[in-house]
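Engineer: In case you want the letters, here they are:
There are 2 protein chains.
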Amino acid sequence: MFESSLEEDKILAEKVLSGIMPHIGNSLRIGITGVPGVGKSTFIESFGKYLTSLGKRIAVLAIDPSSQKTKGSILGDKTRMEALAHDPLAYIRPSATGATLGGVSNKTREVMLLCEAAGFEIIIIETVGVGQSETAVKSMVDFFLLLMLSGAGDELQGMKKGIMEMADLIVINKADGDNKLASKKAQKEYQNALHLFPPSDSEWQPRVTTCSAIEKEGLKEIWDLIEGFKHTTKKNRYFQTNRQRQNLHWMQEVIKQELEAHFLRHPQVSANLPELERQVLAGDIPATNAAKALLSIYKGEQEG
Amino acid sequence: MFESSLEEDKILAEKVLSGIMPHIGNSLRIGITGVPGVGKSTFIESFGKYLTSLGKRIAVLAIDPSSQKTKGSILGDKTRMEALAHDPLAYIRPSATGATLGGVSNKTREVMLLCEAAGFEIIIIETVGVGQSETAVKSMVDFFLLLMLSGAGDELQGMKKGIMEMADLIVINKADGDNKLASKKAQKEYQNALHLFPPSDSEWQPRVTTCSAIEKEGLKEIWDLIEGFKHTTKKNRYFQTNRQRQNLHWMQEVIKQELEAHFLRHPQVSANLPELERQVLAGDIPATNAAKALLSIYKGEQEG
Chain R
1 MFESSLEEDK ILAEKVLSGI MPHIGNSLRI GITGVPGVGK STFIESFGKY LTSLGKRIAV
61 LAIDPSSQKT KGSILGDKTR MEALAHDPLA YIRPSATGAT LGGVSNKTRE VMLLCEAAGF
121 EIIIIETVGV GQSETAVKSM VDFFLLLMLS GAGDELQGMK KGIMEMADLI VINKADGDNK
181 LASKKAQKEY QNALHLFPPS DSEWQPRVTT CSAIEKEGLK EIWDLIEGFK HTTKKNRYFQ
241 TNRQRQNLHW MQEVIKQELE AHFLRHPQVS ANLPELERQV LAGDIPATNA AKALLSIYKG
301 EQEG
Chain Y
1 MFESSLEEDK ILAEKVLSGI MPHIGNSLRI GITGVPGVGK STFIESFGKY LTSLGKRIAV
61 LAIDPSSQKT KGSILGDKTR MEALAHDPLA YIRPSATGAT LGGVSNKTRE VMLLCEAAGF
121 EIIIIETVGV GQSETAVKSM VDFFLLLMLS GAGDELQGMK KGIMEMADLI VINKADGDNK
181 LASKKAQKEY QNALHLFPPS DSEWQPRVTT CSAIEKEGLK EIWDLIEGFK HTTKKNRYFQ
241 TNRQRQNLHW MQEVIKQELE AHFLRHPQVS ANLPELERQV LAGDIPATNA AKALLSIYKG
301 EQEG
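Just so you know, the protein sequences line up as chains R and Y, in that order.
Quick note, the first sequence lines up with residues 1 to 304 if you use my numbering.
Quick note, the second sequence lines up with residues 1 to 304 if you use my numbering.
Which residues of chain Y face chain R? A few of them, derived with a C-beta cut under 10 Å, are:
1) Ser18
2) Gly25
3) Gln157
4) Met251
5) His262
6) Glu277
7) Ala282
8) Gly283
9) Ala290
Result set (PhoX-like, lysine-lysine): computed pairs, CA atoms no more than 20 Å apart in a straight line:
10) Lys10(R) x Lys299(Y)
11) Lys292(Y) x Lys15(R)
12) Lys107(Y) x Lys292(R)
13) Lys299(Y) x Lys256(R)
14) Lys256(Y) x Lys292(R)
15) Lys299(R) x Lys256(Y)
16) Lys10(Y) x Lys292(R)
17) Lys56(R) x Lys230(R)
18) Lys299(Y) x Lys299(R)
19) Lys188(R) x Lys188(Y)
20) Lys161(R) x Lys160(Y)
21) Lys256(R) x Lys256(Y)
22) Lys185(R) x Lys188(Y)
23) Lys256(R) x Lys292(Y)
24) Lys160(R) x Lys160(Y)
25) Lys10(R) x Lys292(Y)
26) Lys299(R) x Lys10(Y)
27) Lys107(R) x Lys292(Y)
28) Lys185(Y) x Lys188(R)
29) Lys161(Y) x Lys161(R)
Label-pair distances were calculated between CB atoms; the ranges are:
30) Gly228(R) x Ile20(Y): 53 to 59 Å
31) Ser296(Y) x Arg278(R): 31 to 37 Å
32) Gln244(R) x Ser270(Y): 18 to 24 Å
Just so you know, the hints here were simulated from the structure itself, not pulled from any lab data.
All residues carry an ideal CB built from backbone N, CA and C; glycine is no exception.
From just these sequences and the hints, can you work out the full model?
Structural biologist: Printed below as a string of structure tokens:
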């Protein structure tokens with residue numbers, strides 16, 4: 001229903017959201033990102049199983065840019081996290097990305113709230129760290145975890161700039177076998193680098209740790225660190241103010257996305273957009289003028 | 001004229017922009033950021049004087065968040081860079097920030113194009129590295145320079161996350177007197193840290209260097225590095241494609257800002273906004289519902 005485009009579904013969705021407001025906010029929201037190949041699915045499965053072994057109810061939501069083409073990949077997600085998918089304490093749900101320019105689903109947040117109202121204590125939001133989605137994820141979670149490898153070469157190639165500075169925790173995955181020593185070395189290097197970053201107003205000093213998702217090692221340490229973060233930020237009230245700020249930010253985001261979508265749906269705008277984009281790319285006309293031409297078309301229609 | 005809100009001025013401005021399109025694009029656009037206290041004005045003055053001593057014509061534009069209150073600080077800027085202000089090869093111009101939510105001027109870019117058409121070869125765009133303006137600056141320059149201090153403590157406090165990963169060059173300023181050794185040490189630490197960052201698609205490996213703006217030391221090295229960047233990125237065509245991408249991005253930005261401004265100017269929207277924001281902050285209503293309430297007010301009026 002929350003992903004439906006039907007008007008009546010939308011109205012019902014709004015009512016449901018209002019109704020659940022008193023029941024949300026007790027969860028911990030964890031964003032997990034990392035480029036393909038870093039072992040994200042295996043990590044989430046192992047970490048998720050560790051959490052359910054503690055009796056926690058967890059929900060895993062995915063913001064997957066590729067699902068823009070495939071229209072969601074529920075089956076794919078469930079297959080790649082089979083053990084977790086069959087765990088009665090766990091719920092796995094991929095979210096299709098919306099059609100806005102930014103390319104980020106505006107439904108994931110609503111699904112997250114529903115999961116919280118349904119009693120899930122830990123919400124994991126997974127994203128591929130290559131596009132714009134991780135900024136969106138950062139703006140809806142309490143804790144942001146970045147998965148890396150010890151190689152520090154290949155996976156950096158595809159990674160989006162700025163992600164490292166957003167992380168509350170960097171986990172060097174695949175710290176097993178021959179890779180153990182290199183992972184410890186990478187841990188030290190990243191820890192040194194993080195000290196040079198501007199501090200967050202959460203007063204939390206971002207950490208670096210190692211783990212082996214396959215060998216199920218290092219999972220408790222990760223959870224301890226996350227609990228430490230929660231303790232620190234609830235005490236200094238960053239946790240609460242951050243969520244307030246995120247709520248306000250979300251309101252602004254929805255407005256922006258809707259204004260943009262309304263604009264792009266305009267028949268004359270969408271008809272003229274490709275040619276104007278071509279001219280701007282070629283340097284034939286100033287970007288401002290192209291923008292203003294489209295805006296006059298849009299506003300002219302509205303006023304006429 | 002470009003900062004005027006009058007309709008006739010806007011139309012004229014559009015015509016002027018179209019007219020100058022063939023004359024732009026030959027400049028080098030350098031963004032310079034750093035938190036207050038890092039010695040930004042002194043650096044730009046010394047570096048600017050070095051460039052004019054090479055016979056270069058330079059323009060210095062400022063995106064200054066504080067000018068939102070003071071409505072521009074031309075006098076202030078000219079006073080703090082006195083030697084440069086009196087240099088016939090230099091032009092110093094602060095830009096007032098616009099009234100959009102993002103808080104970033106959408107006129108700086110136009111003024112930059114005008115400066116290029118007027119024959120300025122190097123455009124320096126200065127911003128305080130504490131808010132959202134540096135992302136806007138990054139999206140309109142070829143080269144992004146971050147000023148830091150060796151202390152690595154105090155100035156990090158105020159710095160915005162993500163800036164370090166945007167930098168093409170980090171300059172440790174105030175590398176003079178007793179501070180020289182500490183600056184060299186900081187240089188090494190930052191250089192190590194930068195190797196752990198995802199690489200830019202410019203194929204340029206970000207550098208760290210030291211300088212003393214007051215003693216006028218290290219300026220040539222900085223200019224050599226910038227010229228090296230220009231050489232590399234013109235050869236691999238990143239320079240050109242980056243500008244094309246920036247043009248397209250700018251078109252999208254202007255559209256977004258105008259749509260937002262039009263929305264916020266709506267009398268019923270602005271009347272209802274504060275109360276809805278309060279309720280969202282308090283967690284009384286879902287962010288999505290507040291957004292949709294405002295959007296119905298806005299659209300209702302347009303269609304009615």
